[in-house]
Structure formats: C-alpha cells, structure tokens
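Chains A and B, in that order, give the protein sequences.
According to this note's numbering, the first sequence is numbered sequentially starting from 1.
According to this note's numbering, the second sequence is numbered sequentially starting from 303.
It is worth saying that the hints were derived from the structure and are not from the lab.
Hints may be right or wrong, so weigh each one.
Label-pair restraints from in silico Cβ distances [stated by the list, open to error]:
no. : chain 1 : residue 1 : chain 2 : residue 2 : range
1   : A       : L121      : B       : K342      : 32 to 42 Å
2   : B       : Q336      : A       : L135      : 24 to 34 Å
3   : B       : Q336      : A       : K14       : 27 to 37 Å
4   : A       : E153      : B       : T371      : 57 to 67 Å
5   : A       : G134      : B       : H381      : 43 to 53 Å
6   : B       : G359      : A       : P31       : 30 to 40 Å
7   : B       : N348      : A       : L121      : 49 to 59 Å
8   : A       : D232      : B       : Q336      : 21 to 31 Å
9   : B       : K377      : A       : S4        : 51 to 61 Å
10  : A       : R7        : B       : T371      : 50 to 60 Å
Below, simulated DSBU-like cross-link-like pairs (lysine-lysine); rule was C-alpha separation at most 30 Å, straight line [stated by the list, open to error]:
no. : chain 1 : residue 1 : chain 2 : residue 2
11  : A       : K72       : B       : K334
12  : B       : K412      : B       : K488
13  : A       : K249      : B       : K488
14  : B       : K311      : A       : K2
Please read all numbers here as calculations on a predicted model, not as lab measurements.
We put the CB at the ideal spot given by N, CA and C, even for glycine.
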Amino acid sequence: MKSSALRLRANIIKTIRDFFWSRGFLEVETPLLIPANAPEEYINPIIVSPGLQLQTSPEICMKRLLSQGHQKIFQICHCWRYGERGSRHLQEFTMLEWYRADSDYESLMLDCEELLRQVALSSIPEGTGFRRNGLSITPHGLWQRITVQDAFERFSHATVWECLGNGLYEEILTSVVEPGLAAFHTPVFLTDYPAELAALARTKPEQPHLAERFELYVGGLELANGFSELTDPEEQRRRFIEANRQRVKDENSPLPIPEPFLDSLASMPPSAGIALGVDRLIMLAAGSDMIDDVVAFTPESL
Amino acid sequence: MYTVADLKKGLKIILDGDPYLVVAFDFVKPGKGQALYRTKMRNMINGSLLDRTYRSGESFEPASLEERTMEYLYKEGNHYTFMDQQTYEQVVMEEAAMGDAKNYLLENLKVEVMLFGEKAIGISLPNFVNLRVTETEQWAKGDTSGNDSKPATVETGYVLRVPPFIEEGELIVIDTRTGDYSTRVKG
Chain A
1 MKSSALRLRA NIIKTIRDFF WSRGFLEVET PLLIPANAPE EYINPIIVSP
51 GLQLQTSPEI CMKRLLSQGH QKIFQICHCW RYGERGSRHL QEFTMLEWYR
101 ADSDYESLML DCEELLRQVA LSSIPEGTGF RRNGLSITPH GLWQRITVQD
151 AFERFSHATV WECLGNGLYE EILTSVVEPG LAAFHTPVFL TDYPAELAAL
201 ARTKPEQPHL AERFELYVGG LELANGFSEL TDPEEQRRRF IEANRQRVKD
251 ENSPLPIPEP FLDSLASMPP SAGIALGVDR LIMLAAGSDM IDDVVAFTPE
301 SL
Chain B
303 MYTVADLKKG LKIILDGDPY LVVAFDFVKP GKGQALYRTK MRNMINGSLL
353 DRTYRSGESF EPASLEERTM EYLYKEGNHY TFMDQQTYEQ VVMEEAAMGD
403 AKNYLLENLK VEVMLFGEKA IGISLPNFVN LRVTETEQWA KGDTSGNDSK
453 PATVETGYVL RVPPFIEEGE LIVIDTRTGD YSTRVKG
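The following block holds chain A by itself, in its conformation from the complex (with noise of 0.2 Å):
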C-alpha cells in the first residue's frame, strides 16, 4: 500500500471519529465473535468453532445497547463475509455503523450528507471532489433521491416487481440501475427498497410493500444501507426463520437465532441504523478503482 494511502485511511478514520463525538454520538466496542449473527439468504458468516462465529456487521450488539437506553452511539470495527473478494469486496473489511434511537431513516441521510462533506473538506484536496470511473462527485451541493421503483423504471424500462419475480434483480440492478446512477454528479439515495429486500428494516406505514431502507451510491459505488429498524420480535423472528428456510432451498446451512437480540427488540425504541464501509470511502477519497490499493495489506500478500 502507497503511504498516500495508508494516511489517507487514517484521516478519514480521525474524521469519522471526531465528527460522531463532536455531535454526542457515544463510541462503542461490541464482541467482534459472536455466537449468531442476524441470518440472511445471501450473508454468510465465516464459522470459527461450533457456537463462535465472526461478525458480519455488529448490528445485533449495537441494537440491545439501543433496548438499553442508549441514544447515539457509533462503531468502526472489522467485519467479515465469507468468500466475498472482488475489486470492491474483501472477507475483512473496515465497517462503520451508527444508530439513532427515537428517529428514523430520514435522519441518517442528513447524517451521511455531514459526514461525506466534513469527509471532502478535511481529506480531499479542494474542487476535486470524490472520484469514480473519471467522474467528480461533489458532497457539497443538493444530494439527489430517487425511489427504487423510480430507478428501475428508468434505467432499465422494467419494474423492480419484474426484476424480483424473473430472479434477475441483482443482474438488473448492478448492469443497468448502478451505472445510470454513477452519471450523477452529486452522492444519490436509492430509497423505499421493496420490504422483502429489507429483512430488518421497518415497513412504510401506508405502502406496506416498501421499506424504509436506503442505499448510498456515490459515482455509481454503493457506500452505505440504512433503514429504519423493525422493533417487532415477533415479525422480526418469521424473517429470520424465512430467511433460514430460503438458504436450505439454496442448498447453504441455515444458521442460529440470535435470540438475546430478539428478546431485546421489544424494549428497543423506534431507531435508525446505517452501515457504511470505509474501505469504500476511502476509494472515494482516493479515486481508487480497487479496493487493494486502500487497505494495508491484501489477503493474497498475506
């Protein structure tokens, strides 16, 4: 890794840092081996003994510190997704999260907003702006929104509800959708994600079919997931048991419960919660197209 980049990476960690702790966010350290993480279909964990499993976000920790009473906290910490390795993937990686309770998703947007401005300002050197693919992404303006029926309808002349029924979401999604938003000059939210692609956020109130999840997408890169959090135990126990049950039908084992978190659910306030990778922003910063050059060492040169 270039030194440039190696202190690249750490004033941006200082920047995260001193940004959450200058607005009252309290910082966290949670277990990063965990007896269960929260299942999905297409997350796997990396198993290190029976009982023992690495984190995959530590998403399950921060939420019963939110059923404890606690109001703004933040974490960056390693996380692991087995088998994950590409030009903008690798099995470990550098994750920040944040919750806050009382709130919803609409907050954690102006949230990314600040902090990817106090980013550029403090990292980037001035009128450059983020770089992707030759693109100059600029924080400082107005962020566009646009819905994730919206995009699909424009990008790619069909309907996510298509996308989903034909299995071709993901394929639609990453060759089409992504790279019309990797056109705008400003960060993008896709938002309102259809509620079976959020297994862990809150439905809308009045379109019950949509979730309050976003995504951030900056020169076409996705950056960061928030959503408002579900705090219904039981509604949040039938995802993970149909979250198990669809990793059987893809032939992958289903894995634990995370059942002090569920018990915890029911005394967690109405919340919000993001992941952010770091890695990610720190290509950003660099205009860096592979993840490789931000990180100190690859798993390969290890």
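Since chain A is already given, all that's left is putting chain B on it; use the hints.
Below, chain B alone, put in the same frame as chain A:
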C-alpha cells in the same frame, strides 16, 4: 470441478465443449442481494470473447490443456501438419487457428503446440526466427528519397518492411512477437 469461488483471471474452463480462458473477473454483490461472478472469457480455439455472469452454486469443468514440442512438417490446403519427434504422433491445425504464426513457419521449425484433448488449438513460436528474403527491390545507391525502409517478401510469403540495404537471398531475423525485422544474419 471448479466452483465460482475458483474463478479468477487465467483460469481455463470448458464451456459448451470449447476451452475458454478467463481474461477478466469481478465479484459483484449488491447490498443484501445475491452474489454475481462476472467474467470475460476468450475462446481458446477461435479467439472470440464472451461475457458470462455466474451465481453461487454453479460449477465448471477444468479445461486440461497440454503443450508439446513438435516439428512443423507441411501445409496442405488450409491444413498445417505438425509431428511429435518422440512419438511420431501427428496433429493437424486449421489455418484460422494459426493466427500470425503461419507467417513464420518453415519446414522442420520446432514449435510448442497447445493441445486440447486430441485437438491442436494454438502454437507458440520461438521469439526469433531466421527467414530468407525471396523478393525485394534493389537499393539504388544515392537514393535521396529519404525512405529508411522498403517492403520485402520472405520464403514463407510473409511481407514486412526491412532496411534499404537488405538484398534478395539474404537471411534476416524476425521478431515473431511483433512481426518486425530485427537484424541481418551475417555470413
């Protein structure tokens, strides 16, 4: 068998009966969605490029390819025949699969033949070959046109540009990687 986890640049697999070389690969996974394994592959027989996207659970048959040193024997129609000097086994390759290599083939030249099963699908040549010039214009002494090269035909029929002082009947060295004149063989 390979799985999607084995996919990477340089992997050789069989697809619809043909051997393919993975020339580009990326892992794509939209948030909370299913992983996609994007590949660009080159057909090792006809060179055509193909984009394919795979999902978890798919598997691939490895393409077992073998390289053997063989000697070029002769050409008949559009077919080139090579022979393994150890086993006397002969293989025939079509002109289309030869690419530029046909420009440098002289009888008895030793080449590396890539075999896919029984089928010869490509050859690699030595980096430099010596070929005799069979036809080129005489260099007029005192030519002031400023041309620093002229066309020449070598014994395989291949035409390239050579320095003005090269004469018919001379042996020259050609770089098979670029197809360019390299130097003159003295004596």
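Comparing the hints with the structure gives:
1. A:L121 with B:K342: 32 to 42 Å: Check passed, 39 Å falls within 32 to 42 Å.
2. B:Q336 with A:L135: 24 to 34 Å: The hint (24 to 34 Å, Cβ to Cβ) holds, given that B:Q336 and A:L135 are roughly 27 Å apart.
3. B:Q336 with A:K14: 27 to 37 Å: For B:Q336 and A:K14 the Cβ distance comes to about 36 Å; the hint holds.
4. A:E153 with B:T371: 57 to 67 Å: holds (60 Å)
5. A:G134 with B:H381: 43 to 53 Å: The hint (43 to 53 Å, Cβ to Cβ) holds, given that A:G134 and B:H381 are roughly 48 Å apart.
6. B:G359 with A:P31: 30 to 40 Å: Check passed, 32 Å falls within 30 to 40 Å.
7. B:N348 with A:L121: 49 to 59 Å: holds (54 Å)
8. A:D232 with B:Q336: 21 to 31 Å: holds (26 Å)
9. B:K377 with A:S4: 51 to 61 Å: holds (57 Å)
10. A:R7 with B:T371: 50 to 60 Å: holds (52 Å)
11. A:K72 with B:K334: holds (25 Å)
12. B:K412 with B:K488: holds (22 Å)
13. A:K249 with B:K488: Roughly 73 Å separates the two Cα atoms, so the pair is violated.
14. B:K311 with A:K2: Within the cut-off at roughly 24 Å; holds.
Of the numbered hints listed earlier, the single one contradicted by the structure is hint 13.
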